[in-house]
Every structure is written in structure tokens, then in C-alpha cells.
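Enquirer: Line by line, the protein sequences give chains A and B. If you use UniProt numbering, the first sequence corresponds to residues 1 to 257, in order. If you use UniProt numbering, the second sequence corresponds to residues 1 to 201, in order.
Simulated from the structure, these hints should not be mistaken for laboratory data. A hint or two may mislead.
What the hints assert, rightly or not - In silico EDC-like pairs for lysine to aspartate or glutamate, Cα to Cα no more than 16 Å straight-line:
no. : chain 1 : residue 1 : chain 2 : residue 2
1   : B       : Lys3      : A       : Asp227
2   : A       : Lys59     : B       : Glu199
3   : B       : Lys57     : B       : Glu194
4   : B       : Lys57     : B       : Asp108
5   : B       : Lys57     : B       : Glu177
6   : B       : Lys3      : A       : Asp152
7   : B       : Lys57     : B       : Glu199
8   : B       : Lys3      : A       : Asp106
Just so we're clear, the structure is a prediction, and the values are computed from it rather than from any experiment.
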Amino acid sequence: MTLTQHDIDQEIAARHAAYEQRLADGGPVEHQPRRDYAPYRSSMLRHPQQPPVTIDVGKDPELVELSSPAFGERDITEIDNDLTRQHDGEPIGERITVSGRLLDRDGRPVRGQLVEIWQANSAGRYAHQREQHDAPLDPNFTGVGRTLTDDDGHYRFTTVQPGPYPWRQHVNAWRPAHIHFSLFGTAFTQRLVTQMYFPSDPLFPYDPIIQSVTDDAARQRLVATYDHSLSVPEFSMGYHWDIVLDGPHATWIEEGR
Amino acid sequence: MTKIDSRRPESVLPTPSHTVGPFYGHALPFRGGEDIAPLGHPDTVTVHGYVTDGAGKPLPDALIELWGPDPDGNLPTADGSMRRDPASGGFLGRNGVEFTGWGRVQTDANGHWYARTLRPGARGRSAPYLSVCVFARGLLVHLYTRIYLPGDAAVLGADPLLSGLEDARRDTLIAAEEEDGTYRFDIRLQGEGETVFLEFQ
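With the sequences and hints as input, model every part of the structure.
Expert: This is how it looks when you write it as C-alpha cells:
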């Protein structure tokens, strides 16, 4: 049977209503998606059925997971954070500046840590060989960037506005425009891979991936804010997106990290 | 909404996770990501295995990250896992001398992955282990597990995590020794023989 957007809309609504009911019954706010979110079909055979085993990090400060790999200047190049300068010519599309801070749950900046991004081009196509969406590739855009956060946890990228693109989970399925982010904290427990969206995208209600975050406020935290002060005159539109890493971390401050 | 006021703790709430998706292969993997051990180091071990889904089918698009201490149990502080070439923008790879302790590898078309790293040393109350983080299309939040190497039953038996698990589940965390220095560690995301996954609090 053909899976339609209407089918998915109903599943999304049912999952959202179930979450609201859990909240009303005194359940906790769920900041993270559930791994068994069936409206996103790829999750069905890929989520564990056993509950995770909890490790109390307070019992052993020596846990490997309480430390993090280190990255430095030799792991990036000077133009890695400018995705519009990585080829001979200029990529096609609306230039944007995306900037924000990387913080831990205590609101402290994560310093000198690696931020990686990747995205589709302005036509909505990834420079990935298996990507079969019939939109043009841009020879001047790979769509991959890296940077290290500064002492206040700031990161900054220059890129082009990614396009929305179709995918084949159901008929007429479209992903809202987004930029993928990969982040490290001061502890491996804080590792995060996520996606940043753009304000007021009309595709939000139809997309089971963003809707997998059933808490309305948490979902909003995936959406960047237009920030005129970040817009560069005669050059780019500015978006601000702060990132807060979940997961426990060591309570002492490691100097130089 | 996405400007966090770090002076107001109640506004500092976590950014939700999302799947890595299918199209990260031109972005995240890097040359030498799986060759973590310094060249020719005598304590090098090879760990490898398959990542499978609930139907027992291998995942051709899983991304594995490993993080572990050196053979003395010290946590690496060296950067340089993905050294870059400033001339071409490409990857130089590791320098073969320093140990960063961290690696990243994508499963191949058969769903198989491997990494060469240093045999981890013990830290704190735990038996020696490598920390593992699994990402994949379909996985909305990444999964943590651990690779323990077989050998010293007393040490493994005293490990706070392993000792709290029933045998069948515990065995999913202990790699199987093949030939000298090579260990098999399969990751089963769902169903029979499901790997033990961890949550940290």
C-alpha cells in the first residue's frame, strides 16, 4: 500500500497527542526524540528494544566517557568555515552566515572544540554519490565545513542557504532545509549530531524527522533565529543558533580545553 | 528561541539530537579514521565486526566512533586525528607517532567496520574498555556501548557495568578473540542478541 503524507500526518499527530498526555499525567519533559519514532520509518528496525543500561558517572570520575577527544588547529584549514571559498568559483545560492555558541548544560562555553557541518546545495542536492535527487550539483559547492569554537564557545560559518529536498519514505515527502551539525563537548557523553533548521519553514508540520522531537519547545531549539546583526552588508543573511550539549560531564574544569 | 541566555539556568536546555542521515559520507569520514594506533606499536589491536538491524541485515551506512585510553590507562590529549593539508584542503591522515585515542569509521557496503587502536589500559574501577558511539540513518539519537577485550576473567568479573548484567547480555559487550590481537565485536541494534547500550547520568 502506498504510504501518503496524510498517513504520516496522522501518525505524527498521534505521537504528539500521546506525548501531551504523558505530560498531563505528570511525565517528564522529553528533550530528545524517542528512538522508536515510527513515523520516521527508518527507525523501526534500528532502535534497541531493551532499555539502555544507566551508568551513574558520579560514582567513578575515571570513566573514559567523561573525557573527550581533542582537536586542534592542524585538524582544520583556514577556510574550512567558509563553504563558499572551497572551489575555484562561487557557489550558486543565497549566502548566509550561521553563528552561535556551544554550551554545556550549566551554560558554560565549550572551548576549542570541533564543530563539523554538512548540507545540501542551494538546489537541495548533496555532493554524495548515492544521492539520486534530480537536482543540479554545484561544482563550486561541496557543502562540508569545520571550525573550532573560540574561548567563549562561539562558532561561525559562511555558506549558502541549503534547499529543501524530496526523499522517498512516502509519496511527496520533503525535508525542510537544514544544516547537519556534529559536535563534541568536554566529555564523550556530550557527543551530539543534529540538524539546524531555518525560521518559519512551511515544511515543518509534514516532516517526521523534525516532528520526532515531540516537545514543542525542544523542537523550537532546532530552529535558528534570523539575526540582522549577523548579516554582512552587501554579502550574507545572518542566522544565530546556540547549541546546548546534553549529557553529564566532569564537574572540574580542565585547563586548556 | 535559539539564543540561550547562559545567565538564566532555566533557559539552558539541551539541543535535541537528530539522525546523521544517509548522506554524511562525503563529510564525516576521513582518511586514516580507523587507523588509530601509532604505526608499528607493539600494543596494537584490531577490532572489527558488523552492525546489524532488527532483521539481522547489515547496515551499509552506520558510522562508528571509538574513544579509549592508552595501554597505561592514560587518556590521550593529542589532537591531530584528522590532520589537514593546507594546500589542498584534503586530509593528511595521522602522523603515525602520536596517539589521539579517537577514531571514526563508516561501515562498508557489507555492513562491516574495523579499527586498529592500542589495547586500552584500566582506569578507575572499570575493566579496560573502548567507548563506542554509533550513528546511522534511522537512529534519531546515537547509541553508546563499550568494547571489553576478553582475557582476565577476574578483572572483567569485577567491572561495575559487566557484573550487573545477566550473562547473555554481558557477553554482547565482550569482543571475541580471533587470531592474536584481532577481536570481533558485532553491534546488533535490535532483537536477538541485542547489544547492551548505555545511558549516562
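Enquirer: Please go over all the hints and tell whether each is borne out by the structure.
Expert: Structure-based check of all given hints:
{"no.": "1", "hint": "B:Lys3 x A:Asp227", "in the structure": "10 Å, holds"}
{"no.": "2", "hint": "A:Lys59 x B:Glu199", "in the structure": "14 Å, holds"}
{"no.": "3", "hint": "B:Lys57 x B:Glu194", "in the structure": "13 Å, holds"}
{"no.": "4", "hint": "B:Lys57 x B:Asp108", "in the structure": "13 Å, holds"}
{"no.": "5", "hint": "B:Lys57 x B:Glu177", "in the structure": "23 Å, violated"}
{"no.": "6", "hint": "B:Lys3 x A:Asp152", "in the structure": "14 Å, holds"}
{"no.": "7", "hint": "B:Lys57 x B:Glu199", "in the structure": "25 Å, violated"}
{"no.": "8", "hint": "B:Lys3 x A:Asp106", "in the structure": "15 Å, holds"}
The structure is inconsistent with the numbered hints 5, 7, although it conforms to all the rest.
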